[in-house]
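Model the placement of chain E on the given structure of chain Z, informed by the hints.
Protein chains in written order, with the working numbering: chain Z, 1 to 367; chain E, 1 to 404.
Check each hint, because a few of them may be wrong.
Keeping only pairs whose Cα atoms sit at most 30 Å apart, straight-line, the calculated DSSO-like set for lysine-lysine is [as the list claims (entries may be wrong)]:
hint : chain 1 : residue 1 : chain 2 : residue 2
1    : E       : LYS390    : Z       : LYS251
2    : Z       : LYS251    : E       : LYS378
3    : Z       : LYS3      : E       : LYS378
4    : Z       : LYS354    : E       : LYS82
5    : Z       : LYS361    : E       : LYS293
6    : E       : LYS100    : Z       : LYS3
7    : E       : LYS100    : E       : LYS398
8    : Z       : LYS251    : E       : LYS300
9    : E       : LYS15     : Z       : LYS295
In silico negatives: residues of chain Z with every beta carbon more than 12 Å from chain E [said to hold, decoys possible]:
hint : residue
10   : ASP8
11   : ILE34
12   : GLN38
13   : ALA65
14   : PRO195
15   : THR216
16   : ARG300
17   : ASP358
18   : ALA362
19   : LEU363
Quick caveat, the hints were computed from the structure, so don't treat them as lab data. Just so you know, even glycine gets a beta-carbon here, dropped at the ideal spot from N, CA and C.
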Amino acid sequence: MLKSLHEDDRSAMRESLSRFLIAEADEATLRRGIDFSQGYDPKLWRQICEMGLTGIAVAEVFGGAGGGAKDVEMVCSQLGRALNPMPFLDSCVIGTGLLTACSRNTHLKHIIENVVSGASIVAIGGNAPFVPLQDSRHNLTIHADHTISGTVSLVLNAATADFILIGITVDDQIKVFIVPTQANVVCTAQQANDPLLRPCAVRFENAAAIELNALTETDLEQARLRGVAALAAWQAGAARALFEVTIEYLKTRYQFGRPIGSFQALKHMAADLFLEVESATSAALAAAEAIDEEKLEVARTVALAGFVCTDVFREVAAQAIQLHGGIAYTQEHIAHLYWRRSRAMLPMLGSADKHREDYLKALEIAA
Amino acid sequence: MTTITQESTNQALQKAVNNWLDVHWDTANRRPVNATEYDERSWLKQVLDAGYCVPSWPKKWFGLGLTMQQSVLIDRTFQARKAPGTGRDRYHLGAITLSKMGNTELKREMLPQLLTGPICCLLYSEPNAGSDLAGVRTRADLDGDSFVINGQKVWTSDAVSADYGMLLARTDWDVPKHQGLTFFLFPMKQPGVEIRPINQITGESKFNEIFITDARVPRRFVIGDLNEGWRSFQTAIAYERLIMGQGITERKRGAANEGVHPLIALAERTGHLDDPIFRQRIAQAIAYREVNKLNNERAKDEMQSSGGMSLMSLSKLAMSRIQHGEAAIATDLLGAEAMLDGDSALDSANANFDAAKAYMNSIGGGTDQIQRNIIAEKVLQLPKELDASKGVSFRDMKSNSSAS
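With the rest of the complex left out, here is chain Z:
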């Protein structure tokens, strides 16, 4: 398993990524993403690739940086701050995670190298636990000639992806396939509540599929754990950024001849949200550390981050609008974009309630 990069290297990368995002991925750039089919400016994604971030969690033999979960935490918390919808989680954490576990297949090795270089993007669909948006009503079937047919209703970024990774249950077993999108794959864009997200319904018509048949149960669980931890970091970063915007507003908005942040009713909400934001960061960091250090309680710690960060992002986004008042009831203000994303992320990789149940189960097993 991959360990993380040296702390100093990670700090330096955080520093430069943060500077880059502040300069290049500001609110105006984010809003321009609405007009792109990707939901983001592809130029921005190319720059992220050039910074080596698409391969941060990929071993050096595939051109990656050889980092671990703590490095993914660093990248995701920064991308979350900027609310950017780039396909890092699906393509560069879960996607490359599964592909590298089967890397003896030279064709798959080639795909990994392309994801790392930025030439290819992987989307993910199906009902396996590592699939961000699970569709239990898909009707996908695998044919004897290694082709796939049927429909899966919700796959993020499928229309602009080069490959779709499909994880489905066949005879109580999880099977994973990778399908190139060039032929016999029809993506129909669905309207999303979040104007920056690009969910598609995908229909496969005898599309060629390569099975990732070397995957073990451990590989599948690793991909899920790393995905949940990365998503948690993203949510923690987004919650913190919106919290900072809100605190700034409380200091500068005047009513009754004084800053509204001087009112106790708002101060107390702010103090409570601060506790939530710090708790999310602590939980996300602990999950990444548990993965990298292969701690015994890794499943419990990741479940903890899973529900804490989902709940905190939802709560901070909801309360940020309330604290702003009327200005955040408009689309001109950025808060609604955070709020919509927090809601879109609720079911990703398992709901908060599901993670809470997993957390308690892990505690019961340990006792």
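Same frame as chain Z, but now just chain E:
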């Protein structure tokens, strides 16, 4: 003896401490080697001389110049040998405050005595100065080389055992409230100090009211400067809140802290362990506790690396929702049985006790509401509330009690 430094490995540190304890402490009989009985002051003197009393303090101030983590490790090593006396750099509020705020002469005179004696009691709150603590009315009037103290204090624990208390009293009545206060090291064992226990909501009586009539404090026992007491007090109260956020005030139930979590065990006993709603609530309660622990670990790193206290300020607030929340779940798990109490209904008695005791955290040491104001103003830098007493001399301030 090997010299231990900040660079020493944990293993080397533990070995050094154990070697010292081998020579000085008789674990089997829980007394110093060659002693016939345990005498607190003479044992604490030995611990102090070895530097183990306050390991994170500088060497010239009775410590070993170690890190706080190393101090915790020494505490664990002592605990394993059932030896008392270490960790006073974390728990002895009086000594900590004196070391931070006192002048060199007073520190030299009084620190050895405080560190080898009982912990100091706190003489802060008064019947008419609770959340608005800067409104205290206990007076300190200079008379020759000492101050004469008159007034009433409340919520003082360990008052009977304490040799000294940290006293906040008014020395100037003609300036705004924060500017006329002085912080004293107050000798408790003297005429004019009357201690009356308070019967608390939990059934305990750990707190007292203190009536002070013409008691005296030497002038040199001022901690910090005259009329600058609010600053010294801020240091003392910050440490108190820090200690509370680590759950020090909680009752430990021995074996219950190991193995199965008490709430899971109670859910099993009451037949609710398969109830999905209870499972969600229990998981959330346990998670709040685990996250607070993670926050505290980051807080310690933050303090060590930058001296920042922003994360520290959160733990006491977090502990309130943890304690109230856990007690509420226990009460609901027990259902009708929760109305019972006493030795034949121990689960109920515990739930009732915990539900009452949770207020100790959410009111004591400053209410959650005051704590939220502090987080908002000191950490998040939100503007201060309009203060009706700002710029008004204390004598002219509106209050529940008649002006003195």
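Evaluation of the provided hints:
no.: 1; hint: LYS390/E x LYS251/Z; in the structure: 21 Å, holds
no.: 2; hint: LYS251/Z x LYS378/E; in the structure: 13 Å, holds
no.: 3; hint: LYS3/Z x LYS378/E; in the structure: 38 Å, violated
no.: 4; hint: LYS354/Z x LYS82/E; in the structure: 43 Å, violated
no.: 5; hint: LYS361/Z x LYS293/E; in the structure: 20 Å, holds
no.: 6; hint: LYS100/E x LYS3/Z; in the structure: 42 Å, violated
no.: 7; hint: LYS100/E x LYS398/E; in the structure: 34 Å, violated
no.: 8; hint: LYS251/Z x LYS300/E; in the structure: 29 Å, holds
no.: 9; hint: LYS15/E x LYS295/Z; in the structure: 27 Å, holds
no.: 10; hint: ASP8; in the structure: 14 Å, holds
no.: 11; hint: ILE34; in the structure: 32 Å, holds
no.: 12; hint: GLN38; in the structure: 35 Å, holds
no.: 13; hint: ALA65; in the structure: 25 Å, holds
no.: 14; hint: PRO195; in the structure: 31 Å, holds
no.: 15; hint: THR216; in the structure: 29 Å, holds
no.: 16; hint: ARG300; in the structure: 9 Å, violated
no.: 17; hint: ASP358; in the structure: 9 Å, violated
no.: 18; hint: ALA362; in the structure: 10 Å, violated
no.: 19; hint: LEU363; in the structure: 6 Å, violated
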